[in-house]
Each structure stands twice: as structure tokens, then as C-alpha cells.
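Start from the sequences and build out the full structure, keeping to the hints where you can.
One letter stands for each residue in the lines below.
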Amino acid sequence: MPSLRYSDTWLRGLSVVTFLVIWQAASGLAASPLLPGPATVAAALVKLAVHGRLLTDVGITLWRVAASFTLAMAAGSVIGVLMGSSRSADRLFDFWLVLGLNIPALVIIFLCYLWVGLTETAAILAVALNKVATCAVILREGARSVDRELLQVADVLRLSRWRRMTRVYLPQLYPYLMAASRAGLSLIWKIVLVVELIGRSNGVGFQLGVYFQFFDITSILAYTASFVLVVVIVEGWVIRPLELRVTRWRR
Amino acid sequence: MNALEVTVARKSYHADQREIVALSSLDFAVPEGQFACIIGPSGCGKTTLLSLIAGLDRGFDGTIRRQGANDRLGVVFQAPRLMPWLSVRDNVRLALPADDDGQRADALLNDMQLGPYLDAFPNRLSGGQQRRVALARAFVSDPALLLLDEPFQSLDAPTAQHLRDLLLALWARHRPTVLFVTHDLREALSLGDRVLFLSTGPARIVLDLPLDLPRPRSPDGPQVEALRKRLLESYPDLLRGLGTGANQESAA
Numbered sequence: 000m001p002s003l004r005y006s007d008t009w010l011r012g013l014s015v016v017t018f019l020v021i022w023q024a025a026s027g028l029a030a031s032p033l034l035p036g037p038a039t040v041a042a043a044l045v046k047l048a049v050h051g052r053l054l055t056d057v058g059i060t061l062w063r064v065a066a067s068f069t070l071a072m073a074a075g076s077v078i079g080v081l082m083g084s085s086r087s088a089d090r091l092f093d094f095w096l097v098l099g100l101n102i103p104a105l106v107i108i109f110l111c112y113l114w115v116g117l118t119e120t121a122a123i124l125a126v127a128l129n130k131v132a133t134c135a136v137i138l139r140e141g142a143r144s145v146d147r148e149l150l151q152v153a154d155v156l157r158l159s160r161w162r163r164m165t166r167v168y169l170p171q172l173y174p175y176l177m178a179a180s181r182a183g184l185s186l187i188w189k190i191v192l193v194v195e196l197i198g199r200s201n202g203v204g205f206q207l208g209v210y211f212q213f214f215d216i217t218s219i220l221a222y223t224a225s226f227v228l229v230v231v232i233v234e235g236w237v238i239r240p241l242e243l244r245v246t247r248w249r250r
Numbered sequence: 000m001n002a003l004e005v006t007v008a009r010k011s012y013h014a015d016q017r018e019i020v021a022l023s024s025l026d027f028a029v030p031e032g033q034f035a036c037i038i039g040p041s042g043c044g045k046t047t048l049l050s051l052i053a054g055l056d057r058g059f060d061g062t063i064r065r066q067g068a069n070d071r072l073g074v075v076f077q078a079p080r081l082m083p084w085l086s087v088r089d090n091v092r093l094a095l096p097a098d099d100d101g102q103r104a105d106a107l108l109n110d111m112q113l114g115p116y117l118d119a120f121p122n123r124l125s126g127g128q129q130r131r132v133a134l135a136r137a138f139v140s141d142p143a144l145l146l147l148d149e150p151f152q153s154l155d156a157p158t159a160q161h162l163r164d165l166l167l168a169l170w171a172r173h174r175p176t177v178l179f180v181t182h183d184l185r186e187a188l189s190l191g192d193r194v195l196f197l198s199t200g201p202a203r204i205v206l207d208l209p210l211d212l213p214r215p216r217s218p219d220g221p222q223v224e225a226l227r228k229r230l231l232e233s234y235p236d237l238l239r240g241l242g243t244g245a246n247q248e249s250a251a
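Chains as they are written, first to last, in numbering that gives the first Met the number 0: chain S, 0 to 250; chain V, 0 to 251.
Some hints here could point you the wrong way.
[Said to hold, decoys possible] FRET-style restraints, in silico, Cβ to Cβ:
no., chain 1, residue 1, chain 2, residue 2, range
1, V, GLU18, S, ARG143, 18 to 28 Å
2, S, ARG250, V, ASN109, 17 to 27 Å
3, V, ASN122, S, GLY12, 25 to 35 Å
4, S, ALA48, V, SER125, 54 to 64 Å
5, V, ASP99, S, TYR173, 19 to 29 Å
6, S, LEU169, V, ASN122, 18 to 28 Å
7, V, LEU212, S, LEU169, 43 to 53 Å
8, S, TRP236, V, ASN122, 44 to 54 Å
9, V, SER125, S, TYR173, 19 to 29 Å
Hints listed in this document are in silico derivations from the structure and should not be mistaken for laboratory results. These numbers were taken from a predicted model, which means no experiment stands behind them. Where is the CB? At the ideal position from N, CA and C, for every residue including glycine.
Take a look at the structure:
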């Protein structure tokens with residue numbers, strides 16, 4: 000990858016190492032079971048992965064993230080683009096959007112579980128609903144900023160609906176779709192654990208709740224570390240390369 | 000045969016809750032293969048007229064007939080309007096059917112000295128090069144009718160002249176009917192077979208001037224300069240767009 004320049008990689012590595020060193024030093028100073036060091040946590044992580052159910056839990060949580068992310072992006076994008084391109088749609092949905100942006104996540108989660116039941120569907124719906132409004136707001140901005148002059152070019156060239164969409168319209172929305180994905184993912188990572196804690200009997204969130212009841216800080220941190228690892232991988236291997244690809248023409 | 004027949008009784012638009020009449024009683028026809036220039040003061044409705052002819056705006060009283068040109072229309076806008084996310088090659092291919100192999104696009108771009116930039120994105124090109132790509136995009140589909148809206152504005156004089164020469168060479172080769180809008184009298188006189196003078200808004204034609212000067216003509220050459228002087232002497236109000244008297248004289 001041309002983007003991962005040598006000095007970039009080096010600086011990123013340095014930043015991670017510094018974090019680990021500070022953590023190790025702090026745990027050494029504290030010398031308390033309340034703050035295990037990175038080595039202890041890493042050992043627990045390996046043990047939980049090999050003998051425990053860590054991999055299953057992370058897998059299940061990831062599946063929930065993927066499902067609710069897809070759902071929320073699809074619904075949010077359609078609503079956002081509609082609101083950005085039609086004034087009456089904007090008036091119609093604006094109140095809903097304000098509502099969606101400001102209802103506390105916990106309320107949505109409770110309502111979903113109460114109305115749909117303590118099911119997988121309710122869990123995914125709760126996570127997705129928490130993100131739709133954010134996504135719609137960003138895509139509304141995107142649709143509003145679409146360059147009419149370039150659409151006129153598409154009209155003059157008599158492009159088919161498909162080519163007009165993929166060659167002229169959507170490329171203008173890519174930066175907004177990327178921003179919505181980023182903002183959405185970070186929100187979903189946080190909310191999915193709460194949803195699992197409240198109404199599911201597996202997944203990272205549920206397991207963290209169990210360890211919390213046992214004051215098992217090492218396992219809590221091991222689960223957290225595994226989760227952070229996944230986030231870093233998704234960011235580095237999916238989001239960033241995708242972003243570089245769609246913004247290639249700017250460099 | 001006329002490639003284009005324009006009859007606009009009235010075109011108005013709303014701005015700040017006021018109705019502004021942009022065009023009224025505007026009639027003209029352009030025969031096939033002619034290079035017609037339209038000149039008029041800034042803001043007289045030239046761009047509005049072009050967007051009516053291009054079919055981008057259908058809200059007007061009147062008719063516009065484009066003979067056989069419905070599927071083969073080329074437009075060059077004031078700004079190049081290239082897709083920034085498409086390479087030079089893909090920008091030009093956009094004007095061809097989706098299943099076209101694109102060889103025509105490559106050949107044309109090579110002819111226009113854009114060969115080294117086929118894979119470059121537009122933001123890597125100079126202003127002059129971007130306009131060349133826009134010209135290529137308009138010509139690649141071999142249009143029957145080509146509309147140009149002050150396409151060489153805000154370029155330095157040598158670059159603009161180079162592009163004018165290129166346009167004339169492409170026109171000579173493909174022979175589309177051309178409608179070239181400008182507010183620069185020298186440019187109009189150096190390019191056209193005919194110059195239509197518009198008044199200030201609402202735009203009407205105040206003078207329809209056929210030109211039979213031999214090409215190539217330079218916009219700064221003696222021929223064009225002499226003609227320009229004569230025009231401004233005979234019709235002193237021409238470019239101020241107040242040519243009420245001029246209209247009668249040309250009709251007489």
C-alpha cells in the first residue's frame with residue numbers, strides 16, 4: 000500500500016509502544032489487582048481465547064455490529080438523501096430527525112426490548128435505531144452540497160440512470176458516506192455492548208457484565224483489549240483503504 | 000436545412016419574489032454546418048438561451064427545434080465541468096455509450112496533445128488543459144449540434160487563441176453546427192460565419208451579421224480590427240445592447 004509510508008508506520012508504532020510503557024509503569028507503581036499490567040492482560044487474553052469463549056463472544060458481537068451498521072447506513076442514507084434533495088421531505092422528517100438525534104440510547108434500547116421482546120432482532124434494531132439519525136444528518140448535508148452543474152453535464156450527455164448515479168451523483172456523496180460510516184461505527188461499537196449487557200446472554204457486552212460482577216478486572220481488560228484490536232483492524236484494513244480509494248483524485 | 004430553429008416568445012424566472020424576463024420575442028435559425036456566434040452584454044440572458052437550447056430548462060413559452068441533433072448534442076460550459084473523480088480518459092468516455100471500447104476517446108485526446116494525461120485526474124491539469132478535455136468530451140460523440148458558452152473565458156490570451164484554433168480545426172473536421180456564445184466582439188468576429196447581436200435583458204436580436212472573411216483570422220489582426228471599428232461606428236450602441244436603431248437598419 001503506497002499510503003502506509005515508512006515514517007507513518009513508525010510513528011503509529013511508537014505511539015502504541017508509548018501507551019503500553021505508560022500502562023506498565025502505572026501498574027508497577029500501583030502494584031494492585033485493580034490495575035493489572037499489559038503483560039498480565041495479554042496472558043489472560045490468550046487464555047480466554049484458547050480455553051474460554053472470547054472468540055465466540057467477539058464473533059457474535061461483530062455480527063451484531065455488521066448487521067446493525069448495514070441496516071442503519073441503508074436507512075439513514077436513503078432518508079438523508081431524500082431530505083437533502085426535497086424540501087418537503089426535509090420539512091416532513093425534520094421533527095423525527097431531531098427526535099432520533101436526542102432520545103437517549105438507553106430509552107431506545109429499553110423500548111426495543113419491551114416492544115419486540117428479548118430477541119436478536121430487538122438487539123440489532125436498537126443499535127441501528129440509535130445511529131440512523133446521525134447518518135441521515137450527514138447524508139442530508141451531502142445531498143444538499145451536490146453540484147447541480149455536474150448533474151447538468153449528465154443531462155446533456157444523456158447518461159443512463161445507472162451511469163448518472165455511479166459516475167456523477169454518488170461520487171459526490173462518497174466523502175459524506177465515509178464520514179457517516181466513521182461516526183456510525185464509533186457509535187455502534189459503544190452502544191452494542193450496552194445492548195448486550197441489558198438483554199442478551201452472549202457477546203462481549205454480556206461477558207463484561209459477568210466479569211464486572213466478579214470484580215475480575217484482568218478479564219475485563221482482556222475483553223476490552225480484544226475489542227480494541229478488532230476496531231484497529233477494521234479501521235486499518237477496511238475503512239482507511241476504502242477512504243484512500245474514494246478520495247484518490249484529491250491527491 | 001436548418002439544424003436549429005429557435006422561437007422563444009418569453010422566458011422569465013423568479014428572483015427575490017420578482018419576476019425577471021430574461022428573453023422575449025427571440026427568433027432565429029441556424030443552417031446546418033454553420034458556425035454562428037452570439038454576442039451580447041453580460042447578464043443579457045445568453046446562458047439562459049443556451050440552457051433552453053440544450054434542453055436543460057423547459058419552462059418557457061416557445062419552441063426549439065433541433066433537427067436530428069437530439070441524440071448528438073455537444074455542450075461546452077463556461078467552466079470545464081469535468082468530473083474531478085474521473086481520469087481525463089474516463090471524463091471523455093462518459094460522452095460515449097457505456098459499451099464503447101473508448102478507442103475514439105483515446106485517439107481524440109492524443110490528437111489534442113493530451114496523450115500524456117490520459118490517466119491523470121483533472122485537478123492535475125492547467126486551466127487550458129481542462130478546457131481542452133471539455134472540448135474533447137463535446138467532440139468525441141461527433142455531435143450534430145455543438146453549444147459553447149464563453150468556453151475560453153478567464154484564460155490568458157495565447158492559451159485562449161490556441162484553443163480557438165483547435166476548435167476551428169475540430170469544427171472543420173467534424174462539421175457540426177456551432178452556436179458559440181461570447182461577450183468578446185473580437186472573438187466573435189474571428190470565429191463565426193455569422194454573428195447575432197443580443198440586447199440587454201430581456202434579450203432580443205438587434206443585429207444579424209453574416210461574415211465572409213477568409214479564415215484563419217486573428218482576433219487582433221487588421222481584418223477583424225477594421226470590421227470591429229466599422230461596426231462600432233455604424234452602431235455605437237451595439238455592445239451596450241441598446242441597439243433599437245440598429246435593429247431597424249439591419250431590417251431595412
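Evaluation of the provided hints:
1. V:GLU18 x S:ARG143: 18 to 28 Å: Given range 18 to 28 Å: holds, Cβ gap about 26 Å.
2. S:ARG250 x V:ASN109: 17 to 27 Å: holds, 26 Å
3. V:ASN122 x S:GLY12: 25 to 35 Å: holds, 33 Å
4. S:ALA48 x V:SER125: 54 to 64 Å: At 57 Å between Cβs, range holds.
5. V:ASP99 x S:TYR173: 19 to 29 Å: About 25 Å separates the Cβ atoms of ASP99 of chain V and TYR173 of chain S, which means 19 to 29 Å holds.
6. S:LEU169 x V:ASN122: 18 to 28 Å: 19 Å Cβ-Cβ, so the 18 to 28 Å window holds.
7. V:LEU212 x S:LEU169: 43 to 53 Å: Holds, at about 48 Å.
8. S:TRP236 x V:ASN122: 44 to 54 Å: Because 28 Å falls outside the window, the suggested range is violated.
9. V:SER125 x S:TYR173: 19 to 29 Å: Holds - the Cβ-Cβ distance for SER125 of chain V and TYR173 of chain S, about 26 Å, lies within 19 to 29 Å.
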